[in-house]
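Novice: Got chain A; can you put chain B on it based on the hints?
2 protein chains.
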Amino acid sequence: MTLILSRCPADDGYRMPGEFEDHDGCWMIWPERTDNWRMGAKLAEKAFTAVAEAISRFEMVTMCVSGRQFVNARNRLPEQVRVIEMSNNDSWMRDVGPTFVINDQGRMRLVDWNFNAWGGLDEGLYFPWDQDDLIPRKIAEITGVDRYKAPLVMEGGSIHVDGEGTLITTEECLLNPNRNPDLSREQIEDHLKRYLNLKKIIWLPRGCYNDETDGHVDNLCCFSRPGEVILNWTDDQDDPQFPISKEAFEILRDASDVRGRNLKVHKLHQPKPVIISAEECQGVDLVEGSIPRQVGDRLAASYVNFYIANGGLVMPLFGDPQDQPAMDKMRELFPEREIVGVFAREILLGGGNIHCITQQQPKT
Amino acid sequence: MTLILSRCPADDGYRMPGEFEDHDGCWMIWPERTDNWRMGAKLAEKAFTAVAEAISRFEMVTMCVSGRQFVNARNRLPEQVRVIEMSNNDSWMRDVGPTFVINDQGRMRLVDWNFNAWGGLDEGLYFPWDQDDLIPRKIAEITGVDRYKAPLVMEGGSIHVDGEGTLITTEECLLNPNRNPDLSREQIEDHLKRYLNLKKIIWLPRGCYNDETDGHVDNLCCFSRPGEVILNWTDDQDDPQFPISKEAFEILRDASDVRGRNLKVHKLHQPKPVIISAEECQGVDLVEGSIPRQVGDRLAASYVNFYIANGGLVMPLFGDPQDQPAMDKMRELFPEREIVGVFAREILLGGGNIHCITQQQPKT
Numbered sequence: 046m047t048l049i050l051s052r053c054p055a056d057d058g059y060r061m062p063g064e065f066e067d068h069d070g071c072w073m074i075w076p077e078r079t080d081n082w083r084m085g086a087k088l089a090e091k092a093f094t095a096v097a098e099a100i101s102r103f104e105m106v107t108m109c110v111s112g113r114q115f116v117n118a119r120n121r122l123p124e125q126v127r128v129i130e131m132s133n134n135d136s137w138m139r140d141v142g143p144t145f146v147i148n149d150q151g152r153m154r155l156v157d158w159n160f161n162a163w164g165g166l167d168e169g170l171y172f173p174w175d176q177d178d179l180i181p182r183k184i185a186e187i188t189g190v191d192r193y194k195a196p197l198v199m200e201g202g203s204i205h206v207d208g209e210g211t212l213i214t215t216e217e218c219l220l221n222p223n224r225n226p227d228l229s230r231e232q233i234e235d236h237l238k239r240y241l242n243l244k245k246i247i248w249l250p251r252g253c254y255n256d257e258t259d260g261h262v263d264n265l266c267c268f269s270r271p272g273e274v275i276l277n278w279t280d281d282q283d284d285p286q287f288p289i290s291k292e293a294f295e296i297l298r299d300a301s302d303v304r305g306r307n308l309k310v311h312k313l314h315q316p317k318p319v320i321i322s323a324e325e326c327q328g329v330d331l332v333e334g335s336i337p338r339q340v341g342d343r344l345a346a347s348y349v350n351f352y353i354a355n356g357g358l359v360m361p362l363f364g365d366p367q368d369q370p371a372m373d374k375m376r377e378l379f380p381e382r383e384i385v386g387v388f389a390r391e392i393l394l395g396g397g398n399i400h401c402i403t404q405q406q407p408k409t
Numbered sequence: 046m047t048l049i050l051s052r053c054p055a056d057d058g059y060r061m062p063g064e065f066e067d068h069d070g071c072w073m074i075w076p077e078r079t080d081n082w083r084m085g086a087k088l089a090e091k092a093f094t095a096v097a098e099a100i101s102r103f104e105m106v107t108m109c110v111s112g113r114q115f116v117n118a119r120n121r122l123p124e125q126v127r128v129i130e131m132s133n134n135d136s137w138m139r140d141v142g143p144t145f146v147i148n149d150q151g152r153m154r155l156v157d158w159n160f161n162a163w164g165g166l167d168e169g170l171y172f173p174w175d176q177d178d179l180i181p182r183k184i185a186e187i188t189g190v191d192r193y194k195a196p197l198v199m200e201g202g203s204i205h206v207d208g209e210g211t212l213i214t215t216e217e218c219l220l221n222p223n224r225n226p227d228l229s230r231e232q233i234e235d236h237l238k239r240y241l242n243l244k245k246i247i248w249l250p251r252g253c254y255n256d257e258t259d260g261h262v263d264n265l266c267c268f269s270r271p272g273e274v275i276l277n278w279t280d281d282q283d284d285p286q287f288p289i290s291k292e293a294f295e296i297l298r299d300a301s302d303v304r305g306r307n308l309k310v311h312k313l314h315q316p317k318p319v320i321i322s323a324e325e326c327q328g329v330d331l332v333e334g335s336i337p338r339q340v341g342d343r344l345a346a347s348y349v350n351f352y353i354a355n356g357g358l359v360m361p362l363f364g365d366p367q368d369q370p371a372m373d374k375m376r377e378l379f380p381e382r383e384i385v386g387v388f389a390r391e392i393l394l395g396g397g398n399i400h401c402i403t404q405q406q407p408k409t
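Listed in order, the protein sequences are those of chains A and B.
Using this note's numbering, you'd call the opening residue of the first sequence number 46 and step up by one each time.
Using this note's numbering, you'd call the opening residue of the second sequence number 46 and step up by one each time.
So that you can see chain A by itself, here it is in the shape it has in the complex:
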């Protein structure tokens, strides 16, 4: 498939649609690293399978899996999930995968960002990341679409768009010197605008408390539709998340989108702090170079880290009293979609959640 170097999607009339627009399917990667996923990744396999099964009720799911795990994944996943061999360094398709862009004629291409494992050799989460970085190229071949190569280190989880030309991101991540140290804020904005066909970028200062991605926006805040966003929230003023959410709320409330609308901000109350137990720490391979999991560490649990599917929405649950109010709130915000909850503590233990392990392919 053609590699397009000299042009970008905005030149050619391609845009990144909102996640709430129609999909042709969803891409995921099978969990495998036993230095990140405890108990030989068997518990993560179960959680990823539950997510894939839930999404596959609404749209086609393709699970990418290393050659070593192909047969195991194929045998564990429901028949309707497509399983394709693809080498990887871990299982965060949101961050390593391509961003699909479409034009008005319903044609699709993809943007292939640079990936450096959330910070490269400067506080990145693992080394090497060479196989992750090839994934957009391989998906371009499988889907038969042309590929733009963007000169920017960027993970899919660090952005959300409304599909009309507005993007939300965080300074903590995109301006972090461990991503694009040689680019100014203006240069980064310019790349985002050209590669995603945007006119307006809303910057939030920080992502969720203790989020090891350097504050990906997709754990904090997302568009439910153009003009409306959902924000991870807490009413507990003593929680370190409180000032982060409050600051984001005020910025979003005062922001306008590409069409000049003031954003409507829906607060989604977080669960109680999710703390790693001693048992959960013990099942991970002890190796140098991986982020250690420490007993008592707080994980960045947020209901905002959900995936919007065709006619459905798959959201994380934590076995928390807030689970039910959160699902009720989502039913209210997405009355046209079936809301499916998946117990996701095991995914959170690996460092992310349902949105982080999925990547939508828009309808063409």
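Hint data in this document are derived by calculation from the structure and do not stem from the laboratory.
A couple of the hints might just be wrong.
Estimated spans, in silico, between C-beta atoms of each pair [to be verified]:
{"hint": "1", "chain 1": "B", "residue 1": "G85", "chain 2": "A", "residue 2": "I336", "range": "32 to 42 Å"}
{"hint": "2", "chain 1": "A", "residue 1": "A323", "chain 2": "B", "residue 2": "D175", "range": "31 to 41 Å"}
{"hint": "3", "chain 1": "A", "residue 1": "G189", "chain 2": "B", "residue 2": "G85", "range": "24 to 34 Å"}
{"hint": "4", "chain 1": "B", "residue 1": "G85", "chain 2": "A", "residue 2": "Q232", "range": "38 to 48 Å"}
{"hint": "5", "chain 1": "A", "residue 1": "G328", "chain 2": "B", "residue 2": "S335", "range": "48 to 58 Å"}
{"hint": "6", "chain 1": "B", "residue 1": "G151", "chain 2": "A", "residue 2": "C326", "range": "52 to 62 Å"}
{"hint": "7", "chain 1": "B", "residue 1": "D57", "chain 2": "A", "residue 2": "P123", "range": "19 to 29 Å"}
Nothing here was measured: the structure is a model prediction, and the numbers come from that model.
Even for Gly, the Cβ is constructed at its ideal location relative to N, Cα and C.
Specialist: Below, chain B without anything else, positioned relative to chain A:
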């Protein structure tokens, strides 16, 4: 994709088309084993690239390649060739790949045969062959088609069909005890008939002289169209190939196909014996368990080992005086197709030729 165990293509109205029928594309595997392909497989890469390039002028080519070689293959192959990651033990897509079957409504499924590396632990060509055996399953996932699992050890190169219900094969291969020792000739016939939707099987005793596949028919004889076959031939009565070709000629001449037609047999004269040189022997990894290449060994060179593409035909050349007459003969036999020759000695050194490294996907 669905695995169909209890039924077979004949039950469901699916048949294997002739190779001369229309295709949606061609599947190949990138050469990589340095104990089979000399000089780090670099010369084979060049030959496989020439074959892929030639076929891609007529139909889409998908090159499957291990994760290790993905980037190299992608960079060496022309842009129009699709490159997909797929683990493998070697590069013989004809033999390890699926047999695609279609029905009258234009739907496709595939047959997944058992593969044991041309003889398993009893004179097979390498061990292990576990990744080769998974290839039909992986292609089923990529193409999105349902898969019949056939209870038969069988390589695609050991059969040729006319698409109307007639098959040609060799006793040397299919009745070899290193393939299906527990099945009788009648049981093997029955499986072939049920899984390929056949009514008539023509058995030739032996394949080409010194063919390490145990006499695959695709190096000796193939259908050019229903009712007509092309046979590897020599007029040299002292050549050990002579009695093999003569015997096959007499059987074919006297045989009738599923429609009761007598077969028309076209003789295609072989090149002079192709002998491995000292230089060619030296560039292969020295390991136990691979078939040794010995200086002076004769390779089973045959022009019959060609690939029929949409509107084209890609045939092996050997730098032999017979190359030109062979191409002329093929132009006469396939006046509606463009005949493209590819210098194929390097593929032959690995143990096969152009037909052995390709597998057509019929048009749906």
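Novice: Which numbered hints are broken by the structure, listed smallest first?
Specialist: Hint check: 5 fails alone, others pass.
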